[in-house]
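Peer 1: Could you build all of it, start to finish, from the sequences and the hints given here?
There are 2 protein chains.
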Amino acid sequence: MMTSLSSLSIDHTHDPALRSWVSGANDETTEFPLQNLPLGMARPAGQSGAFRPFAAIGAEAVDLIAAAALGVFSDELAAVLRACEGQGLNPLMAAGPALRRQCRHALVAVLDEKADAEWPGKLSAALVSQSSLEFTLPCRIGDYTDFYAGIHHATAVGKLFRPDNPLLPNYKWVPIGYHGRASSIGVSGQQFHRPLGQSKAPDAEVPSFGPSKRLDYELEVGALVGLGNAQGTPVALAQAEDHLFGLVLLNDWSARDVQAWEYQPLGPFLAKSFATTVSPWVVTMEALAPFRRPFSRAADDVQPLPYLQGDTNAAQGAISIQLEVHLQTAAMRAAQQPPHRLMRSDFADCYWTFAQMLTHHASNGCNLQPGDLFGSGTQSGPASDQGGSLLELTQGGKQPLTLPHGEQRTFLQDGDSVALVGFCEAPGRRRIGFGPCVGTVLPAIGAA
Amino acid sequence: MMTSLSSLSIDHTHDPALRSWVSGANDETTEFPLQNLPLGMARPAGQSGAFRPFAAIGAEAVDLIAAAALGVFSDELAAVLRACEGQGLNPLMAAGPALRRQCRHALVAVLDEKADAEWPGKLSAALVSQSSLEFTLPCRIGDYTDFYAGIHHATAVGKLFRPDNPLLPNYKWVPIGYHGRASSIGVSGQQFHRPLGQSKAPDAEVPSFGPSKRLDYELEVGALVGLGNAQGTPVALAQAEDHLFGLVLLNDWSARDVQAWEYQPLGPFLAKSFATTVSPWVVTMEALAPFRRPFSRAADDVQPLPYLQGDTNAAQGAISIQLEVHLQTAAMRAAQQPPHRLMRSDFADCYWTFAQMLTHHASNGCNLQPGDLFGSGTQSGPASDQGGSLLELTQGGKQPLTLPHGEQRTFLQDGDSVALVGFCEAPGRRRIGFGPCVGTVLPAIGAA
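Just so you know, the sequences run in chain order H and P. Numbering follows full-length UniProt numbering, in which position 262 of the first sequence is assigned residue number 262; successive positions increment by one, without gaps. Numbering follows full-length UniProt numbering, in which position 289 of the second sequence is assigned residue number 289; successive positions increment by one, without gaps.
Any given hint could be a false lead.
As the list claims (entries may be wrong) - Pairs of lysine-lysine residues, derived as BS3-like cross-links and limited to a Cα-Cα distance of at most 30 Å, are as follows: (1) 159(H) / 213(P); (2) 398(P) / 159(P); (3) 172(P) / 159(P); (4) 159(H) / 159(P).
Claimed, not checked - Rough simulated footprint, nothing fancy, chain H against chain P, three-plus residues with beta-carbon under 8 Å: (5) 103-112; (6) 195-208.
Stated by the list, open to error - Simulated restraints on C-beta separations: (7) 429(P) / 206(H): 51 to 61 Å; (8) 189(H) / 16(P): 54 to 64 Å; (9) 305(H) / 443(P): 15 to 25 Å; (10) 189(H) / 443(P): 42 to 52 Å; (11) 335(H) / 294(P): 53 to 63 Å.
Since the hints were made in silico from the structure, they are not lab data. Virtual Cβ for every residue (Gly too), placed ideally from N, Cα, C.
Peer 2: As structure tokens, this is what we get:
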């Protein structure tokens with residue numbers, strides 16, 4: 001049993017002075033300096049070959065199987081990376097945190113500007129521009145679980161229904177979550193038709209079926225499971241970090257009118273299952289190490305039950321990620337206006353850590369598998385202009401947002417693109433980013 | 001686009017006079033006469049080879065890949081069956097109903113006692129005793145959706161909480177469902193540890209964490225999806241049957257105390273995700289054709305919205321399956337007492353058909369995939385002694401059941417085995433059965 005939480009340790013790969021010989025990797029604005037090295041699955045755009053594992057560096061990406069052939073990795077790691085071809089990162093996930101850390105260290109060793117002089121020439125065959133690549137999901141997602149750990153979202157949404165008592169009695173005890181739909185998860189660039197569904201207007205006698213009129217996004221952070229656990233074998237909180245592979249951005253598109261009518265008593269179903277968008281690059285737990293923060297509950301707040309408490313978790317349980325939602329309407333796109341930022345929040349405000357969510361999830365013996373996806377729940381900030389969904393920003397659709405060029409929105413209209421943005425900053429640390437997570441609403445299914 | 005609902009048509013393979021040369025296949029008591037031919041994945045017990053597709057006949061099973069090598073199937077079907085090896089029935093599911101029907105007809109042609117005299121000898125190499133086999137799940141289940149279409153269950157459970165208004169307002173309009181956990185689904189014979197979880201006693205100030213004290217089963221029918229649909233492309237009700245592959249029995253084990261505390265507002269989560277048991281043999285839609293029944297709503301009942309209504313569905317939408325739950329406690333097993341039947345119900349009482357559930361599921365554009373599993377929801381009958389769970393049979397744990405040998409149960413105890421039974425009978429038709437669906441409760445996780 002591993003006892004060290006490798007994901008929390010900071011080493012030379014986090015040194016802000018570290019620079020790469022890859023062009024663009026040292027730009028102040030890049031999301032992918034040498035300190036990041038997120039992993040994803042891609043292939044040359046427009047080709048039909050199998051997707052292969054890549055790591056992002058600056059505006060380029062390293063083909064990891066090509067790099068393995070050049071001797072960058074150990075034989076063991078090379079074999080695991082080759083097993084990812086056409087399959088997703090699942091074999092690397094299943095191999096555990098030590099091999100993932102080995103991958104990071106090996107890449108830093110050859111991409112460092114102080115690396116042996118042979119490497120830039122040798123690796124040129126394995127380096128391609130990210131813009132020349134087509135991405136797919138980073139892994140096969142067996143099961144997708146969406147949590148509800150954004151307390152400011154839960155409070156804001158609860159207030160719309162129960163102004164005096166917004167949080168349900170279980171909220172501060174249970175990392176609330178539900179099973180989501182895995183098949184309709186797509187990677188950034190996903191376009192989907194406005195869903196049809198049943199809804200019932202408050203003043204209507206009976207429900208009707210048609211295009212959703214209250215289509216929304218939800219700003220979430222996704223966590224991908226690395227090591228799994230056997231059925232019937234829980235994961236203690238002290239070991240939970242060893243089962244986390246890395247994080248992505250996640251847009252949990254939601255049809256609010258469908259949700260309101262269908263969700264009692266078994267929870268959201270078709271209101272969410274039409275599409276979910278994630279970013280293609282997985283920012284590993286190692287890359288996030290410098291941005292960990294103490295996790296604690298105010299002394300007068302509810303304290304977690306013992307199975308969800310632990311010293312290590314308290315010391316570095318939270319992760320500070322600046323999260324933003326940007327909206328670009330069809331009119332803005334036509335006028336070449338850039339997406340407009342609607343809000344910003346910090347993932348450090350999340351009420352439960354992913355380690356707690358994982359331990360809770362496995363506490364009944366449920367087997368988690370490499371590649372399983374957790375959503376964090378909507379990450380709103382404490383202020384009313386920090387809502388992570390339009391439901392919050394427009395007070396349930398009652399107060400339209402006015403965009404800078406004059407358009408208004410209560411909920412999403414056809415042609416709207418929503419981009420999630422995530423990045424980590426800390427004093428004396430190199431800024432890292434999550435890359436794109438964009439999705440676009442097409443006209444309703446069957447619409448002319 | 002296919003327009004004929006092959007699953008509804010009765011042909012010579014349903015002739016009750018049809019007899020097989022396979023020993024045991026014509027016994028009155030067999031669940032697997034020639035008219036059934038359910039499909040599953042198995043391998044010789046105790047060996048480590050890949051699981052292969054089999055069809056059950058009497059007490060034997062036909063190794064379909066071996067049969068293919070003997071020339072039983074077309075080249076196309078043989079290739080699809082070979083693709084199932086180590087993968088599950090998914091390739092056959094994805095191939096659509098025509099090839100599945102072809103498989104049935106080809107098997108009947110060679111197993112019929114009127115088949116060419118060469119077949120019994122030739123096929124002996126492909127026939128093995130079911131008792132010599134080890135089974136696995138019939139397919140890779142990408143997503144598992146559990147519906148709530150048993151209206152007598154929904155009413156009985158609703159009454160425990162809301163005596164005057166047991167069904168929520170959406171129940172008769174929406175085929176209510178939620179996403180379930182796919183990873184913990186196991187095949188008959190599954191043993192699982194009593195789950196740990198959070199619960200809060202009504203009189204307790206705060207919740208506690210420990211072994212569930214209200215562990216229950218739920219009697220359900222499972223449907224496996226054959227043909228999938230592309231994301232953004234709904235399935236009209238008239239085509240829905242073409243996307244159904246076949247049915248299994250399904251036990252949706254439930255920890256009632258965990259469920260009561262966790263389920264608001266997002267539905268059941270850890271109360272269900274520790275284990276779900278299905279039967280290994282998939283009874284195909286073709287085998288079920290003689291047991292179809294008109295589906296209709298009483299004239300004074302709520303009528304489905306147009307997308308869930310259709311002539312074909314109304315004509316033969318329901319399926320009559322006799323369903324039973326049998327309980328064997330550890331004491332009964334030690335005393336070699338057989339399992340005791342707790343109840344019986346008829347799947348024809350289900351409030352929504354699987355075709356309606358499928359059309360509803362895909363109505364928002366959600367992509368269903370070959371091998372996806374639907375649960376029907378608990379299939380209780382209208383009478384109070386027809387509850388499909390202990391929650392119902394014991395009035396929420398208030399009225400213990402007394403078993404014939406004197407033991408009592410409110411909820412399940414360690415060592416209890418629950419066997420679901422399903423069979424179809426109709427005048428002038430050969431009776432067919434679903435085979436075993438048994439699961440056993442082990443002591444709680446971590447218990448000595």
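Peer 1: Count the residues of the segment 103-112 of chain P whose CB lies closer than 8 Å to any CB of chain H, then report whether that count reaches three.
Peer 2: Per the Cβ count (0), the hint is violated.
Peer 1: Are the Cα atoms of residue 172(P) and residue 159(P) separated by 30 Å or less?
Peer 2: holds, 16 Å
Peer 1: For residue 159(H) and residue 159(P), compute the direct alpha-carbon distance and say whether it is at most 30 Å.
Peer 2: Holds, because 29 Å separates the two Cα atoms, which is no more than 30 Å.
Peer 1: Take the C-beta atom of residue 189(H) and the C-beta atom of residue 443(P), compute their distance, and say whether it sits inside 42 to 52 Å.
Peer 2: holds, 49 Å
Peer 1: Take a look at whether the Cβ-Cβ distance between residue 335(H) and residue 294(P) falls inside 53 to 63 Å.
Peer 2: For residue 335(H) and residue 294(P) the Cβ distance comes to about 58 Å; the hint holds.
Peer 1: Run the distance test for residue 398(P) versus residue 159(P): straight-line Cα separation, threshold 30 Å.
Peer 2: holds, 14 Å
Peer 1: Given a hinted range of 15 to 25 Å, is it respected by the beta-carbon distance of residue 305(H) and residue 443(P)?
Peer 2: holds, 22 Å
Peer 1: Quick check on a hinted range of 51 to 61 Å for residue 429(P) and residue 206(H), using CB atoms only.
Peer 2: violated, 40 Å
Peer 1: Are the Cα atoms of residue 159(H) and residue 213(P) separated by 30 Å or less?
Peer 2: The given pair, whose Cα atoms are some 34 Å apart, is violated under the 30 Å limit.
Peer 1: Between the beta carbons of residue 189(H) and residue 16(P), is the distance compatible with 54 to 64 Å?
Peer 2: Holds: the Cβ-Cβ distance is about 56 Å, inside 54 to 64 Å.
Peer 1: With a C-beta cutoff of 8 Å, work out whether three or more residues of the segment 195-208 of chain P approach chain H closely enough for the coverage to hold.
Peer 2: Held - the segment 195-208 of chain P has 8 residues with a Cβ nearer than 8 Å to chain H, which meets the minimum of three.
Figure legend: structure checked against the earlier numbered hints; hints not met, in rising order: 1, 5 and 7.
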